[in-house]
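Line order of the protein sequences matches chains A and B. Note that the first sequence ends on residue 578 in our numbering; no numbers are left out. Note that the second sequence ends on residue 578 in our numbering; no numbers are left out.
Take these hints with a grain of salt, some might be off.
The list cannot tell twin chains apart, which means a pair is met if one copy fits it or any two copies do.
For lysine-lysine, the following DSSO-like pairs were computed, each having C-alpha atoms within a straight-line distance of at most 27 Å [what the hints assert, rightly or not]:
1. Lys213 to Lys122
2. Lys362 to Lys301
3. Lys504 to Lys122
4. Lys566 to Lys504
What the hints contain is simulated information worked out from the structure, not anything from laboratory work. Please read all numbers here as calculations on a predicted model, not as lab measurements.
Protein chains: 2
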Amino acid sequence: MYRSHSCGELRASDINTEVTLSGWVQRIKDLGAINWVVIRDRYGLTQLVFDQERTEQNLLERSQKLGREFVIQIKGKVIERESKNPNMPTGDIEILVTELTILNEAQTPPFTIEDETDGGEDIRMKYRYLDIRRDPVKNSLMFRHQVAMQVRNYLSNAGFIEVETPYLIKSTPEGARDFVVPSRMNEGQFYALPQSPQTFKQLLMVGGMDKYFQIVKCFRDEDLRADRQPEFTQIDCEMAFVEQEDILGIFEGLTRYLLQEIKGVTIDEFPRMTYDEAMKTYGNDKPDIRFGMKFGELNAVAQHKEFKVFNDAELVVAIAVPGAASYTRKEIDKLIDWVRRPQVGALGMVYVKCNEDGTYKSSVDKFYDQDDLAKWAETTGAKAGDLICVLSGAAHKVRGQLSALRMEIAERLGLRNPQEFAPLWVVDFPLLEWDEDTERYHAMHHPFTSPKPEDIALLDTEPGKVRANAYDLVLNGNEIGGGSIRIHDKETQALMFDHLGFTPEEAKAQFGFLMDAFEYGAPPHGGIAFGFDRLVAILGGQETIRDFIAFPKNNSGRDVMIDAPADIDKEQLKELNIQLDL
Amino acid sequence: MYRSHSCGELRASDINTEVTLSGWVQRIKDLGAINWVVIRDRYGLTQLVFDQERTEQNLLERSQKLGREFVIQIKGKVIERESKNPNMPTGDIEILVTELTILNEAQTPPFTIEDETDGGEDIRMKYRYLDIRRDPVKNSLMFRHQVAMQVRNYLSNAGFIEVETPYLIKSTPEGARDFVVPSRMNEGQFYALPQSPQTFKQLLMVGGMDKYFQIVKCFRDEDLRADRQPEFTQIDCEMAFVEQEDILGIFEGLTRYLLQEIKGVTIDEFPRMTYDEAMKTYGNDKPDIRFGMKFGELNAVAQHKEFKVFNDAELVVAIAVPGAASYTRKEIDKLIDWVRRPQVGALGMVYVKCNEDGTYKSSVDKFYDQDDLAKWAETTGAKAGDLICVLSGAAHKVRGQLSALRMEIAERLGLRNPQEFAPLWVVDFPLLEWDEDTERYHAMHHPFTSPKPEDIALLDTEPGKVRANAYDLVLNGNEIGGGSIRIHDKETQALMFDHLGFTPEEAKAQFGFLMDAFEYGAPPHGGIAFGFDRLVAILGGQETIRDFIAFPKNNSGRDVMIDAPADIDKEQLKELNIQLDL
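Modelling step: build the complete structure from the supplied sequences, incorporating the hints.
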């Protein structure tokens, strides 16, 4: 038996107990006559003591040769600590060691195994197994497990069945790029790894499974933007005989339950907003509503003067930054530089200081008088002391730019409190979006999303105005879930394919098995999928997902620890009937 | 709202309630003046009634046009059923329908959606979404979910953390064939899909995760034997600071818990048997101990006469088949034919009938007298009325043959009761096994399995005799779990690689990251993995796993429903820098 207790377990009430502990050497404080060694395991830290008075000379000397991260087993007696450490759960006691066994030696780790480490991202990833020893990473992984357990318990109690769908499926040209897997037994053919179990969960509904969920890995061979992973985890859900309201109800319940159980945060009803409203008010379909700075559209009160920039713009839109009237010229110039960065892309920014005395000072005083600016303040809700930032241009672009500015300012002002949680449903997404490159409409969600029945007539006349029975769950400015009511009858599905530019033959080749299934009694159904990595990170109070994934890949899709992907044998290629084409 | 109740829910106490139900048409019994329609959902069946007296003519007529598997919604009143059906949970009531909506029509399904279907395996797989509507499949999938939930609850309560390990990893030439995934971003390189998360779970132990588990998909590109799948699910577990006994304790606990919670079967301590004992007694390292027919080795009592076949054999071994002395010559000849099949491969079989009067009648009476045969009976435990079946030959081969015969006979005698559960630990597996083809020793488990410390000295002299700290959990003649204590120090690991014929360079190239990790303080650790598909099937009282997998592949590794694998675009191949080589 390697241990009688864990390293996080012993308390004052255990004093005088003989114990056996095993763990890693965290710290050594060797004063010569006395040597304190702190050992660590998953459960905590315990201080060991070796000293000239009470420890055999030989044992003391051996303890002095220990190094950081050595794996040791000790036997000894729990004694009261002289200088107690109230910050350490075991801080009332220490172990007077009588036996020391080195289970494994360790080289000096390439970075310190402490909460604040000296290791950079790259070295931490290469030695991820050492990084996981650090509390921030270890706790994030344990937190992830806890969230997964709660999700499963909630959904299982609500009658959902977790069904494992296959990983070796079929490539479809729609959507993002698939990872593919050459088949040895079926020469020249390939499996694809699923981008999501979408069609399988719909087939499970056709199969009468009624309520399905799965916490499942999905795969997308995309050029990786920051904080995206080629393999990621989804909470995938589908229900039969439901309308949108049923789905929102169940998954609002799940999210509320997680916030309550895991964060102790009680939230009653989640607010809802249409896609149009979100775009108009926040310039974004996943607004962070933890703070204000709602958009004020100024066209009516800014396009009546000689200022050509505004007069030529499709949209003049502004936010009021609280308390920022005191910004210096230099600070404001920095903001202007920020919105001009290519990543944001604004040409410039007009600003209005709302002085404490009720007067206004703007960068366009040449064109606008105090009455004009007062109307701007009214429209944006600016109060004395605020700074109004105004952007103008093509509506879609300028909304994106102002949204970026709003988020940046919120970050700088500390308004994005990670311990505050503001969920929001965004509903009534457009069914189709126009793609400039291919000059045709694409499904915004996917080709199985149901249009709102009352909008179907618009498909022929104004396809861009057709709304879908589609919804996103947004948490703190992140889309954590999205889904839709699906089409379940072949007529509507055929209509959709037609509007998406598929010939019936193309539709059949790509989605034949699903369309076949629709012939045999498909129930009305719909679902949702949550990005589990992101959900866990946000609940954990973080913006980046990487520390919530045990072995993440870098931005080139590489696992630098195991050095994958890698070359494979010629023999292997031959068996798979492929060759390299570099 | 599509329904107020499910189709399995209504009882006599609901009589007079107005309800809304949705589901599939299961059966129609149309007598003209009255039409009974049974509808089905995941939760059960409910009978609807339409009749001339109480139903509008138009509604009755519409009900008469319904077809099997139509998806309908009805509103109506719960009424008492005249002829109650005690075999149906809702059999006390029926619904007098007032409104009928056809939600979706259905073509006639290609096989009947009944417990006993007229559909063969192939058609059921092609239309798996219809097959899943059948109770035996649906219930198997729901059962699987229930087992998974119980496994997670047990392990989580025992302090295990479920950690998701990556699916896109690195190919290693050891073990079975990998499925590989070409990387677009890393030209000419490939990921591999994991055959198991073995190295990652060991790294998690190095990382201090202490107790890990995962219910996880694994992949092996093997030529498929019956009832094997290219993707399968494992309960994968690993613990640090443990000895073999700790692991057996925890996972015996898990298995006992599942048997208790799910089957209501109480089993105290699981029996244990060494590998050598299992081979000697049952000719098999996964013996089914629900029944006897233990092997009796007859060399000492059968090699003293002139019967050359036995005298030349390395092993003469027999089982006593209970009550089979009454077999006719024809029945015995059939048994002999059975052991001679190429799949079994015996050259012949000697038999002894143990007559009720205490005499013996054998096929080798020419060589052996009653005293000889009495000794055979004693050695095999044969009683009056039994039939002794004797095989002879090379020890390893003949044990396998007799084991096959033992299982076949047990099957025929109905001794393999699927509702009886007989778990067994098989321990002390050999560390190495000799491979005839490559003429060298291979790791029987994997190269990280720890030899028993007391056997290490034998590595140089008698490598085949070195025992491993490796164990299998056997249930009803199936290996449901297997694992080992791992090597955790670099010296032993280097020794092992040396004995397996790896040069240090080869070892580093293939397992460098794990060997590196061992330099930084690896704790003693070990683990186990359960074949989840098999475990669920056995707990569900079945021998085949296919109905416990939602979308299984056939023996060519094809999903015949979605028709995968399939050809992919030239464009896709080009992006991946590969071309076909057929």
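_Unsatisfied constraints (hint numbers, rising)_ = none
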